[in-house]
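Position chain B relative to chain A; hints supplied.
There are 2 protein chains.
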Amino acid sequence: MVKNTIAIDAMGGDNAPKSVIAGLAISSVRNPGVEYIVYGDENKLLPLLKKRDNLKKVVKVVHVDDWIRAGEKASKALRRAKTTSMGQAIAAVTNREAGAIVSAGNSGALLAMSIFGLRKLSGISRPALAAVMPTVSGEIVALDLGANIDCSSQNLIDFSVMGIVFAKNVLGKPNPRLAFLNVGVEENKGGTIIQEASSAMEESHFSKYYAGYAEGNQIINGNFDVIVCDGFSGNIMLKTAEGTAKLCSEYLKQVFSSSILGKISFAIGRSSFIGLRKKLDPRKHNGAVLLGLNGIVVKSHGGADSISFAHAVDLATEMSVGNYNELIKKELNNLKSIH
Amino acid sequence: MVKNTIAIDAMGGDNAPKSVIAGLAISSVRNPGVEYIVYGDENKLLPLLKKRDNLKKVVKVVHVDDWIRAGEKASKALRRAKTTSMGQAIAAVTNREAGAIVSAGNSGALLAMSIFGLRKLSGISRPALAAVMPTVSGEIVALDLGANIDCSSQNLIDFSVMGIVFAKNVLGKPNPRLAFLNVGVEENKGGTIIQEASSAMEESHFSKYYAGYAEGNQIINGNFDVIVCDGFSGNIMLKTAEGTAKLCSEYLKQVFSSSILGKISFAIGRSSFIGLRKKLDPRKHNGAVLLGLNGIVVKSHGGADSISFAHAVDLATEMSVGNYNELIKKELNNLKSIH
Numbered sequence: 045m046v047k048n049t050i051a052i053d054a055m056g057g058d059n060a061p062k063s064v065i066a067g068l069a070i071s072s073v074r075n076p077g078v079e080y081i082v083y084g085d086e087n088k089l090l091p092l093l094k095k096r097d098n099l100k101k102v103v104k105v106v107h108v109d110d111w112i113r114a115g116e117k118a119s120k121a122l123r124r125a126k127t128t129s130m131g132q133a134i135a136a137v138t139n140r141e142a143g144a145i146v147s148a149g150n151s152g153a154l155l156a157m158s159i160f161g162l163r164k165l166s167g168i169s170r171p172a173l174a175a176v177m178p179t180v181s182g183e184i185v186a187l188d189l190g191a192n193i194d195c196s197s198q199n200l201i202d203f204s205v206m207g208i209v210f211a212k213n214v215l216g217k218p219n220p221r222l223a224f225l226n227v228g229v230e231e232n233k234g235g236t237i238i239q240e241a242s243s244a245m246e247e248s249h250f251s252k253y254y255a256g257y258a259e260g261n262q263i264i265n266g267n268f269d270v271i272v273c274d275g276f277s278g279n280i281m282l283k284t285a286e287g288t289a290k291l292c293s294e295y296l297k298q299v300f301s302s303s304i305l306g307k308i309s310f311a312i313g314r315s316s317f318i319g320l321r322k323k324l325d326p327r328k329h330n331g332a333v334l335l336g337l338n339g340i341v342v343k344s345h346g347g348a349d350s351i352s353f354a355h356a357v358d359l360a361t362e363m364s365v366g367n368y369n370e371l372i373k374k375e376l377n378n379l380k381s382i383h
Numbered sequence: 045m046v047k048n049t050i051a052i053d054a055m056g057g058d059n060a061p062k063s064v065i066a067g068l069a070i071s072s073v074r075n076p077g078v079e080y081i082v083y084g085d086e087n088k089l090l091p092l093l094k095k096r097d098n099l100k101k102v103v104k105v106v107h108v109d110d111w112i113r114a115g116e117k118a119s120k121a122l123r124r125a126k127t128t129s130m131g132q133a134i135a136a137v138t139n140r141e142a143g144a145i146v147s148a149g150n151s152g153a154l155l156a157m158s159i160f161g162l163r164k165l166s167g168i169s170r171p172a173l174a175a176v177m178p179t180v181s182g183e184i185v186a187l188d189l190g191a192n193i194d195c196s197s198q199n200l201i202d203f204s205v206m207g208i209v210f211a212k213n214v215l216g217k218p219n220p221r222l223a224f225l226n227v228g229v230e231e232n233k234g235g236t237i238i239q240e241a242s243s244a245m246e247e248s249h250f251s252k253y254y255a256g257y258a259e260g261n262q263i264i265n266g267n268f269d270v271i272v273c274d275g276f277s278g279n280i281m282l283k284t285a286e287g288t289a290k291l292c293s294e295y296l297k298q299v300f301s302s303s304i305l306g307k308i309s310f311a312i313g314r315s316s317f318i319g320l321r322k323k324l325d326p327r328k329h330n331g332a333v334l335l336g337l338n339g340i341v342v343k344s345h346g347g348a349d350s351i352s353f354a355h356a357v358d359l360a361t362e363m364s365v366g367n368y369n370e371l372i373k374k375e376l377n378n379l380k381s382i383h
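First to last, the sequence lines map onto chains A and B. Quick note, the first sequence lines up with residues 45 to 383 if you use this note's numbering. Quick note, the second sequence lines up with residues 45 to 383 if you use this note's numbering.
Note: identical chains are not told apart, hence a pair may lie in one copy or across any two.
The calculated DSS-like cross-link candidates involving lysine-lysine, where the alpha carbons are at most 30 Å apart (straight line), are: (1) 297 / 217; (2) 117 / 252; (3) 217 / 290; (4) 297 / 307; (5) 307 / 290; (6) 126 / 164; (7) 164 / 373.
It is worth saying that the hints were derived from the structure and are not from the lab. Since the model is a prediction, treat every value here as computed from it, not as a measurement.
Only chain A is shown next, with the shape it has when bound in the complex (with noise of 0.2 Å):
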């Protein structure tokens, strides 16, 4: 079946395709019965799937010699959707042969083929980048990240739409509580857009997962399952966090390694700091997902190491297994039925 089956652009991001294939072995152990088809050079990937018994089966590689660099144009790009590893990976959900793909490479060049290739979904204004962060007390959805800098009040709804199903379907929640981000939580916050969208949400279908507006230290205080943004504010948001985290744990070596005592605090906290890292790990939310497409599109980190891949694909797989785009549809149908 299509859905079982994931398209894998082995040739991007900086440590392919050694950690793609290091990856996909990963990945199928915790995913059985899921197949790939894996395009790139196949003088680079024989060798390592010979290595790789768990893969044989599952895994069909297609040669490709060409793949998109990661300094090129999107304009560029596009026009080499045929030849590339990207773009034939891309055309495998197309073409229904996939039913997600899974690419580390360039971020610009995967939007701009996906949008071109796959088509939005009927009923969505624009696609949007989403990914999962980390809360308090769980995990949180975020869309848009960046695909879209202006937004209009349409777009924002669309987004809601997408991450709600994504909130219950990926993370499990069966009530996600939906906010948009804003400056304040008050009403007349933000601009016209926000607040057009936010009058419509009240009076939607949808208005009992809708818990108004949240600011940026909100986001992760565990009240939300569900953050809903223009692709501007998104990504300031999530890379203002992921270098606020940076600084934290860069505070935190000085601290250790400033003083004998530090040094002996961290060497007997040891083990619990090993576990304080995992759960701060990144590698478990690789990969932001381009919803709103007739397909699944999985953008995993350009500096992906095989665990980080490995959850990329996870995370398609989940996805396109769960028929997630089945059930934005049918979301969709509910939301007009209403209106």
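Using the frame of chain A, we list chain B on its own:
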């Protein structure tokens, strides 16, 4: 002299007027020669001042028995400018009795009343809210943090001028490096407004300070001294950083309390952790400044304690005594003579 006098709204904030007077006592020791006009209920203020010998000679109390409440709307507050402690403290700056005003009261009311009462500096298209944030290697000033939801390219250029003067004179960086907050560092990132402002900066008198775009994860890496953005994304950035820092310290607390070894580790590293907590202490960065008006307006956090409020008063003092507004006027003239 006016610039050595600071007007204080003693009735704003959760802990007013107690933490206000205690904060003044701390700041006054650090800033000898500075005087304060304190607006508020003298029945509450005089007993508090009685205990503070070092304030007796430098504080003048002006009795006002009304004040702006926390939840009050800005439009309603504006009508009560003449009868409230906040309104009268701002008027002291308008009338040139003081060079700066500090309030821990209602933010929206303070912004509206200040803009209405003090008027914009000539040559500045819009005032902006600025604050100092910690980085890996020092401090950075960021603006706008929420005074303007939408910004034109001219607004961003004006914020840049104000930010550069701030970095030079308040942060003590003779050659500040300024970046616009954006979703990528390439020239074509962001919308047309930010791109226009970027081109204008490159061709301006300030090109030597202009370092291009910075992403959310780069603001704290120590490579920049000034971050300029619209008030919506700036507010998201600031609050996301606050929230994430809190999440990290929450996780850390869990590590130290989750096991006996964690507790022992904390006990041994105690002094280092206290050092870290001091370093991260948000009270040291209390005080957001509304730049671009005829007078300095400093908003203290509403929940400020005395240490926190003292930092806000320090900031107001430094900017008033240092003739910050005159320096901005000079830089604006330089800018115009080039264009």
